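Place chains B and C on chain A using the hints.
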Amino acid sequence: MERIDRSLPDAGRMWRNPSLRRLAATLGLVLALAIAFIVWYGYDSAEKLKKEWLDKEAAALGNMAETHPEWAEAWLKRLTDNKDISPDDIAKGREFMERYGMTEEIAADWLPALGEYRSRTFWTLIGAALLLASLAAWLMFREYRRQLSDIRKLALAMEDTVKHNRPMSFRMYAEGELGLLANSAQELSMRLRQTNEQLQQDQTFLKDTVADISHQLKTPLASLMIYIDLLREGNVDPEHTAEFLETCRHELDRMEWLTLTMLKLARLEANALELNIADASLAATVRQALNSIERLAENKQVRIVTDDDGSGREWIIPHDPHWLAEAIGNLLKNAVEHSPHGGLVTIALSTTPVFVRLLIKDEGSGIDARHLPHIFKKFYRTSSAGSGVGLGLPLAKSIVEKHGGILSAASIPSGGSVFSITLPHHKLPAGANASKLTEL
Amino acid sequence: MRSYGAMAGRYLKQQRRKTLLTIIGIMLSVALISALGTMGQAFKDNYLSNIEATNGSYHIGYNKPSQELYDTLKNNVLVDRLGIYRAGMTTKLNDGYSVTVNQADKDAFSLMPAFLQKGRLPASSDEIVVEQWLLEQLAGTPKLNGTTELQGPDGHSHTYRIVGLLKNQKNSQLQGAANAYTLWSAASHVDAESMLFLTLKPGVSVNANLEQFKKLNPDLFTNFELLAVKGDSADAGLNRALAVIFGTLVGLVVLSTIAVIYNAFHIAVLERIRQFGLLRTLGASPAQIRNLVFREATVLAAIGVPLGLVTGWFGLWLVLWLMTLGGLRILMMDEFQLTFHWWIMGGSLLVGFLAVYVAAWLPARKASSVSPVEAVKGAGSIVRESYRRLRIPSLLSLLGIEGKMASNNIRRNRTKFRITTFSIVVSITLFIVFHYFTQQVLGMTTTSNEDDRMAFQLYKNYSSDESGKFEKVADVASDEAMKQLRDIPGVRGVYGTYNNLDSQALVPEDRFNAGITKSTGFTAPSRIEWKDQADLAVQARVRLYDEARLKEAANYLQSGTVDPNQLATADGVVIVQTVKPKTLSGKKELMPITRYKVGDKLLLNMGLGDNPGADNVREVTVAGILTQSPFNGAYQQNELTVIATKETYAKLLEAAPPREGTLDFGTARIGLDIALKDDADPAPIHRKLEEIARSTTGVRLIDYAAEQKETRNFNLQMQIFVYGFLIIIGGIGSLNIINTVQTNLLLRRKEIGLLQAVGMTMGQIRKMASSEGVWFGVIGGFWGIGLGFGLCYLLYKQLSNVQGFPFSFPWEASLIACGLALLVGLLSVQGPLRRMGKANLLEELRDEA
Amino acid sequence: MNVIQVDGLSKSYGTGSTKVNALHQVSFGVNQGEFVAVVGASGSGKSTLLHMLGGLDKPTDGYVHIDGENLYALKEKDRAVFRRRKIGFIFQAYNLIPVLNVEENIQLPLLLDHRQPDKAYVDDLIRTLGLHERRKHLPSELSGGQQQRVAIGRALAYRPAIVLADEPTGNLDSANGREVIELLKLAVRQYHQTVIVITHDMNVAAEADRVLNLQDGMLLNDTHSRGKAL
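Chains as they are written, first to last, in the UniProt record's numbering: chain A, 1 to 440; chain B, 1 to 849; chain C, 1 to 230.
None of these hints come from the bench; they were simulated from the model. None of the values given here were measured: they were computed from a predicted structure. One should not assume that every hint holds.
Listed next, the in silico DSSO-like pairs over lysine-lysine satisfying Cα-Cα at most 30 angstroms (straight line) [unchecked claim]:
| hint | chain 1 | residue 1 | chain 2 | residue 2 |
| --- | --- | --- | --- | --- |
| 1 | B | 750 | C | 136 |
| 2 | B | 13 | C | 136 |
| 3 | C | 75 | A | 427 |
Which chain A residues stay away from chain B? Per the calculated CB distances, all over 10 angstroms, these [what the hints assert, rightly or not]:
| hint | residue |
| --- | --- |
| 4 | 73 |
| 5 | 195 |
| 6 | 290 |
| 7 | 365 |
| 8 | 368 |
Even glycine gets a Cβ: it sits at the ideal position worked out from N, Cα and C.
Chain A with its partners taken away, still in its complex shape (with noise of 0.2 angstroms):
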């Protein structure tokens, strides 16, 4: 549903996280923790220094006030004057200092508001930062165990699947990249565990249809050994042993038929023949199936028409021509041998903008409500009627259900039966190959 790019996810993806979303709001918690410290303190800090530093200078100030007054006024003046500063005066007054020692190289802490600034600033600072990085710490290790634990947990669950055939004891249902990987991972488990069912089923069948080959095999065998017995003892009468070998021949035919259609059916059930499905031409295909049931129709003077709205076009559409012939003509025969003689046999073609039908219609005696369920399943024959084993109607399901399509039967109301092959113009994406859930 989704192509896996490279790119890696842009804000807007990742902001859908909702563990992301908690990290942001607790970075925001400490940043905004952080500024109202840093205004705290650059306020604090300030007023503590301008008031040492107001101190200092009142304490000069008032020694110079007693004894040079004018003095006193003058360096007043001159400290809260915020006029440009002329790098002249500073110049001079620096010389001035230097002669007595005081440069820019004195350490701080000789000049004790400065020095008592520094220090406080110092230890503040440091206690405010590892406070606040042990806040953010706590805070993200609790976010990380948390999202830690969720996959852990997850993990867990996946056992139960893999291990035990159980559905997942936990499951979440988040969006973000984790949901997804939750959501992935609850597929996965039913998935598997579908395919487990499914394989128990495959297996089911095929004991089954390993039942359903003896079985069937038996009888004919049986037969066989019968007549071959008698025909080497030898007490036959010549018509008798032309009869016999007769029937000897028919029920290896039968076996033949037999094994060959089983093995088609094995075949097309392991995925192991390819239909080479391609544009070509459906009338040409009815045609092709038409021509392999012409004898039996004629014997029992059925006719088949086709019905095409008569727009004579080709109708193309993708298939394998070969298998599907195969499949309409067991389908004709189907109605052939349901019909009565002198019976007609229609196949209708018609177009959806989604499907393409083909009709093929009897009239004969119709579907028994009670069959109906099951004509589609392996030797399964309403009457005895016919020659087949039961297992043309299933090898035309499932070459319609590989070409994407569906076969449905149907009684008409006033009288005979309706099978219809429904195939869509376009498959449906990317799952059609993966049909060994296909069931039958």
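The following block gives chains B and C in isolation, referenced to the frame of chain A:
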């Protein structure tokens, strides 16, 4: 489509018209908010400059300073600018005029209220600046850069060069005493005659440091009004009142915005409730649905709010530019820069976005909380009516079957009805409150009467000679001269000024407003016995109005007549009995001092004292009552104003006892007031008046044409702004109504199609929809007026903290608003109905996508 | 494998004299890959049952387990995500968002889950549904049958385990209706999805593997028309 959120954009694009209407609504609201903010700030700035112009821009001043004080202050770290001012010697000029040369240093010039009109400030103590009008009166009538001889500060005559001209002050013209300024010379000292002005450094609180400065010299005064406006005084009343008022207004506009958007969104959500339900069945979480609605809101806001800011800014700019083009000086400033206050723009942006989100919140919640099953079932949710409630028959039923159906529709969709009505109510309330507010503020700041139009005044000063005898009093200008003046184009009116008389009105108890003594604390009027009746003596001023003045008075007539003929024959007078005293609570309030009615007899005691003689008391009839005085100050403090014609005045004059040592003016015309039309050219009138003035000695011409023009312009500008605002608000309200009503109708397209199929004609359907529309208007109007009344009263209470006046509800405005709402409602119904009428019936009935 | 399990499901509206029992003690299980039809007269509670299966309406009593998950024990948000990924809805009408075109409507569940749809896959799906020429069209430009096909496409886009259809052919003519049912059957076959269809059309019921009969909110009988092994 990259994400499901793009659906929001699709919805908006699909409903193009509605989206556009909503965006316009947001734009208008944000424009209004930012304009209100900018104007409010500009108003405050202007008020501040006004105060600086009249009082000066200093913070603190000292009256009797010393040199020591000056030096200390110079060194004070908090002081920013410090100026010295010293009043100088007066030089007498002709005609009773005089000029005083004062000294001020550079800082003082910047702090004092003196404004340079031309030229520059003096740079040395040989240069002076004077008021423009004085030039004519100085010896040698010098012009700018000319020289004149005046008495210097040291008492000796000194030649000064006039380097700059100051703006004409009204007061100095009236008194004939002008001020000239020269630079403070280094030789001068700061002594008790001088004054110090100073400002503190920006950011320093004056109030907090006041004690400190008081300690230096107790003779200190502050620029009270300036500090009050800056918020730095003990009384925060003005600022708080301003904040409350503007806050209320902005709040109302915000509320209206929220209403508009809530409306739009609510209906949009209701329209699509089925789709939201469908999305929920597909697995959309409630948060995702809310997200969709909020995205739509964001897009609308992102387009509307910035556009609104731009519109507001440029709209204001355009209006101001047009005004300047029309020759008006904006708010009496030379250069009115629309200051771009970032905080106003930022605040408006924030408020705009917030309003949109708040409005979208409830609909978003509703969209996300809808039960998917209910929504998917759709079928137009048939409301189960509870049979318990009494059915009050609606008035609409009177309108026949259509009315009955309309009433049923409304009853069934109570929520939608309430939403629509809510927005109508808000629109109407907003209109009423805004109208009330602006009118009141205008009334407060600009109590105007005819005095506003006066541009010139002629006035004769009478002086006595050494023996104490006065000159004889004569008319300052003849009737002929007055007629000539009137004929000059641009003159609106020429009015004679006469002397007025002090008198006592003997007011019977039942006609006196006793409440006035209670609220003002004035002493109660004394009782005087007159003809066996005890009356209260109320001060009354008798004025003479000539025909011209009486004609103007007609505009202020409350009851009765001002016809001079009628007044003359029956000894009738016109009175003004509304006064505006300062009450005990410290604010000024309008109230009546007496309660006379037209036809009452008024007793006037022209003498003074408690025992009036028979000759001193005259009786006149109250022929007319005015709401305020048309001239000389709209309201007195505690005086009754009596206006009489010449004849009646003469009679009253006879009753007045002669007063020793004062000049008897009689009924002579002692002056002229000339009113100009707007846009009139004052120059020819000025010339003519000078002619008249020169023809008689002692007559002075006072010219304040420029000032008067500005005041009138200010009023005009305020009116423009006010009505501009009202129009925009009306626009917002109308948009709201149109949007709501139209969407309402479109939502019921299927229902209307069904009605047509059943057999209702388009005309009947129109009648039904129109009656619904009218009912919206009626209910909306009812609640709107009610709410408007309440809010107006609230505002009134706030405003009366600043100035007192009685509460008068704007009935006309309310009715206009309601009428407009009804009209808009009705009209907006017609459009969609016409469209629906043309549409194919079957298409309407078929399920819409 | 049992993918849906319903136990003692009941739903009633109102109280006292106006109480309505929409469903009463309904219990059944559905295996994966079954095509189930639910039939019954109007008011028999079919739609209510469907809504409950889809997690849209809380039952008054009983449980709905889908793939072992108790649907109503989940939080609302989780249930929404569950619905997004595991359940597809098809209604009788008003299936599509009018402002989105065919392609976007089909991709909607994926977009709601913040996934980027694989263009090739969606294109393929649209081709199968016979809507290739109309894939940029809005729902207002489509016929009823085409709209239902879009709805089916949407139900197949994320390959939910369960598809719930409420009278999907109710508004369609017989040809279109048949097409819808056949598409659903294809989906069952190829993707091994489980489809539950509410219908009053007996022809549709005939196509199903299993028919549940509801009457007055109670499950009458549970027939297997095609005899699938339970």
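Evaluation of the provided hints:
Between the alpha carbons of residue 750 of chain B and residue 136 of chain C the distance comes to roughly 28 angstroms, so the proposed pair stays at or under 30 angstroms and holds. Distance hint between residue 13 of chain B and residue 136 of chain C is fulfilled; the C-alpha atoms sit about 17 angstroms from each other, no more than 30 angstroms. With a CA separation close to 38 angstroms, the supplied pair residue 75 of chain C and residue 427 of chain A exceeds the 30 angstroms bound. Chain B draws residue 73 of chain A into its interface by the beta-carbon criterion, the shortest separation being 6 angstroms against a cut-off of 10 angstroms.
With a closest Cβ-Cβ approach of about 27 angstroms to chain B, residue 195 of chain A is found to remain outside the 10 angstroms limit, as its non-interface label requires. No beta-carbon of chain B is positioned within 10 angstroms of the beta-carbon of residue 290 of chain A; the least distance is around 47 angstroms. Taking the minimum C-beta to C-beta distance to chain B, about 46 angstroms, the non-interface status of residue 365 of chain A holds against the 10 angstroms cut. At roughly 42 angstroms from the closest C-beta of chain B, the C-beta of residue 368 of chain A stays outside 10 angstroms, upholding its exclusion from the interface.
Consistency with the previously given hints fails for numbers 3, 4, ordered from lowest to highest.
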